[in-house]
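There are 2 protein chains.
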Amino acid sequence: MKDRVLKRAVKMGYENIKKNQIEYMKRFWESADVEIEGDAKLQQGIRFNMFHILQSTGKDSKTNIGAKGLTGEGYEGHYFWDTEMYIIPMFIYTKPEVARKLLEYRYNTLDKARERARQMSHEKGALFPWRTINGEECSAYFPASTAQYHINADIAYAIKKYYEATLDEEFLIKYGAEILFETARIFEDLGHYVEGKGFCIDGVTGPDEYTAIVNNNAYTNLMAKDHLSFAAYVAEYIKKNFNDEYQRIKGKIELDEEEIVRWKKAADNMYIPYDEKLKIHPQDDSFLSKKIWDFENTPKENYPLLLHYHPLVIYRHQVCKQADWVLALYLHSDKFTKEQKIRDFEYYEKVTTHDSSLSPCIFSIVACDIGYIDKAYDYFMRTARMDLDDHHGNTKDGIHAANMAGSWLGIVAGFGGFRAFGDEILFSPRIPQNWNRYSFKINYRQRLIKVDVNKEKVTLQLIKGSLIKVKLYDEEVQLEDKIERNLAN
Amino acid sequence: MKDRVLKRAVKMGYENIKKNQIEYMKRFWESADVEIEGDAKLQQGIRFNMFHILQSTGKDSKTNIGAKGLTGEGYEGHYFWDTEMYIIPMFIYTKPEVARKLLEYRYNTLDKARERARQMSHEKGALFPWRTINGEECSAYFPASTAQYHINADIAYAIKKYYEATLDEEFLIKYGAEILFETARIFEDLGHYVEGKGFCIDGVTGPDEYTAIVNNNAYTNLMAKDHLSFAAYVAEYIKKNFNDEYQRIKGKIELDEEEIVRWKKAADNMYIPYDEKLKIHPQDDSFLSKKIWDFENTPKENYPLLLHYHPLVIYRHQVCKQADWVLALYLHSDKFTKEQKIRDFEYYEKVTTHDSSLSPCIFSIVACDIGYIDKAYDYFMRTARMDLDDHHGNTKDGIHAANMAGSWLGIVAGFGGFRAFGDEILFSPRIPQNWNRYSFKINYRQRLIKVDVNKEKVTLQLIKGSLIKVKLYDEEVQLEDKIERNLAN
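So the protein sequences, as listed, match chains F and H. Taken in order, the first sequence gives residues 402 to 890; the numbers are from the numbering used here. Taken in order, the second sequence gives residues 402 to 890; the numbers are from the numbering used here.
The hints are simulated quantities; they were obtained by calculation from the structure and are not laboratory data. This structure is a prediction, so every number in the text was calculated from the model and none was measured. Errors might be hidden in some of the hints.
It does not matter which identical chain is used: a pair holds within one copy or between any two.
[Claimed, not checked] Straight-line distance between alpha carbons at most 27 Å, and here's what the computed DSSO-like set of lysine-lysine pairs gives: (1) Lys678 to Lys736; (2) Lys678 to Lys598; (3) Lys598 to Lys680; (4) Lys525 to Lys692; (5) Lys692 to Lys666; (6) Lys525 to Lys701; (7) Lys665 to Lys692; (8) Lys653 to Lys865; (9) Lys742 to Lys680.
Just chain F, same shape as in the assembly:
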């Protein structure tokens, strides 16, 4: 394999390879470039990040992207949920064929995930590993790894977003559906009905690794609800429109139609914890009853906490390593009122250390969503040049890939207010004080949309493709060529 690549390279010659690379990058920037005027270092940071993501990502459906890209030995080159929650979103809207390959990687390791599910006593279905290269679970400490069953729902979410953005039915039929069904089975098996609550999921860890093995992690339950409901939708859709393929999949995984009914029922009855007194979503059943971490008396040098305190000390306090429910507020921003988001955001902001580099970009996005632009800017600035400036003092171990893609998300989903929920494409751009102008591009259903924002105006331009309906702030817009609106405050 290595020999073949080398032989081909020698045959092509340096000049041709260089030409191809230049062409490749040119095409990438044409459909993906982000411009920021008014901060040259930031402009450099975001392009540096996008370039690293692009070059570090496996595009052959057999390899994926390590947490450190190709730049260091941190995390032993393992792949995490970082792929589905941070990397894939960037690719879906800039270079969707790469997103597809990353999802095909999950399909190609589905048998290992089936084996893992059996090890975890699930008779059917597939449980993806928390960290892996070849598909086998490579975690040593299960409370902060295998217990993160949300990985299954994260993959389902990425499939849903990819499908919505591309309408790639071939992928859905060939790969996506089988992954969705097999992973949905795990949640159906894992959960159970509790009187007065609904469908409950016990003994899991959410994204926040400072809280482990809890019941009804709100993020996990909401993601599982969406997952189960989408799996049922896809089953019915394929059955109706591609029945032969449906029968093939059904036979292959021995799917019982009753299972689909149970997925829908579990989704409809999913318990999402809510605290009536504080009017916020508790991170899990027991989170709010714990003592709040004594942040005031924690010296700066004791962060990240996991290097200075025994896990038991951390687990018994209200303290979050990273965005957990706040991540759900972003991924499912259409399901909550602004007031609710504000209450939740403010609660979790107080107890979150951002000891994980996956956190600030998410807080930045949600801060934008609720109109906290200055705060969003501060969070965002912790992400964009993290490795260029070695903010965490550990770039020697490799770049922070998820954070790099997160900085793209921070601009596009954060300041740009971009969201896509099927037919609904939303933009709500805001501009930070320090910028004069910024622009980004979104690929969606064969269209290429350029969003250009300056201090006064937002311009949406359809660069490629036919008319498409989008929502700009609260206005429904038929985008055919170019439209211009005043920037919201």
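Dock chain H against chain F, hints included.
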């Protein structure tokens, strides 16, 4: 040291050593023998067990007793809570000077427990290790070890029982008080007040190792309540009666009198979870909301569960490895009505696998307490000859020391119904169908009481010491020589 012992032995000669040993054992049986008529194998079993406990236990305050005694390499020779909850109770009432030495061992490792407390972020106090030889925590898997903070309260309970049975003030002043105060500090620091509940203790594991890192483990909270309250009592008692010694201890550990106030307050307000609907004590805050283990479809060869299921699978179900709250029902049998004990016992019996050899003897004792004699007998018979008959197929790894002492407890506290709470000494003997007669001896405050039970009668005989008040069934008795009563049904 080894040389010295050998030299002394050679000097004494075989015959003298033999004579001494015979004398030693004769004295032991005089004050400790248990007789069972009607089952010779059982008679052999109980004496075998008591002999093993006696010979395996360190009596120099520097050594203790390994989980496998001196007979095997299982558990690497480590000492556990087995000492305080199973071994010491037998010694308190048969050979109290050994109980004292075992408690002095804890005193001699108190500095290590102080170090451990600092590692676990407690600024003051001492946290005893879950498994150790020299006093350092030797556990590799903290959810089922260090998280078992109840070890502190278990040691306090043993000190209390030893003191009540001996009134050994010298021990209390020299060793006990300091241990009690230092260990109490941990619970006061660990817990916090929650509105509507009281003093809550989060992020611990109770005795049941099939449920890990929970909030408000009922056993832990009840034991901590008793511990804090006894520590405060001892502080006040010593201050009043031995003020010099009190000042010495106070200075040494920098005790603030306000701390004692806080111990009392925490004890008075300790939250003991109770389920109003089932009218039982939930094992912890989340136990009852979990799915019940599917015992019906678990093949026999899958026990013990821990060898066949991933911990996450076990943790997310209602399933107990061993007596947890049921142990509290025995240790604090004076605090609950018979009806309450029946409800609790019946609930936990259904979800307990007894995969730990520490479990059946406790269930046997509580079954006796609630009048389930046949059931008690079945549980008891799993303990008495466990190693002689190799019930668990693992006696090659060494004897089960706690279970051996537990078989003594099964007779004395179980069928004999013996309890001691300070001045209150209780006997409620019952006899299993298969026995014709049994007897045991209790040492309490310089008295030696023999309890003899046959199919019709109970005889209490004061073999040594002056008049003492005891309770036989519901009757207060002044025991001076011998009394006889009819056996209760």
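Each hint, compared with the structure:
With identical chains, the CA atoms of lysine 678 and lysine 736 are at most 27 Å apart within one copy only, with a shortest distance of 20 Å there and 35 Å across copies. Taking the closest pair of Cα atoms, lysine 678 and lysine 598 come within 27 Å of each other both inside a single copy (17 Å) and across two copies (16 Å). Proximity of lysine 598 and lysine 680 under a CA criterion of 27 Å is satisfied in both settings, with 17 Å inside one chain copy and 20 Å between copies. In the homo-oligomer, the alpha carbons of lysine 525 and lysine 692 lie at most 27 Å apart only across protomers (18 Å), although the nearest pairing inside one protomer, at 39 Å, exceeds that limit.
For the homomeric pair lysine 692 and lysine 666, the shortest alpha-carbon distance between copies (18 Å) is at most 27 Å, but the shortest distance inside one copy (36 Å) is not. In this homomeric assembly, lysine 525 and lysine 701 come within 27 Å of each other (Cα to Cα) only across copies, at 22 Å, whereas the closest approach inside a single copy is 47 Å. With identical chains, the CA atoms of lysine 665 and lysine 692 are at most 27 Å apart between copies only, with a shortest distance of 20 Å across copies and 37 Å within one. When the C-alpha separation of lysine 653 and lysine 865 is checked against a cutoff of 27 Å, the pair qualifies neither within a copy, at 40 Å, nor between copies, at 80 Å.
Taking the shortest alpha-carbon separations for lysine 742 and lysine 680, only the intra-copy value of 10 Å comes in at or below 27 Å, while the best inter-copy value is 39 Å.
Checked against the numbered hints given earlier, the structure breaks only hint 8 and satisfies all the rest.
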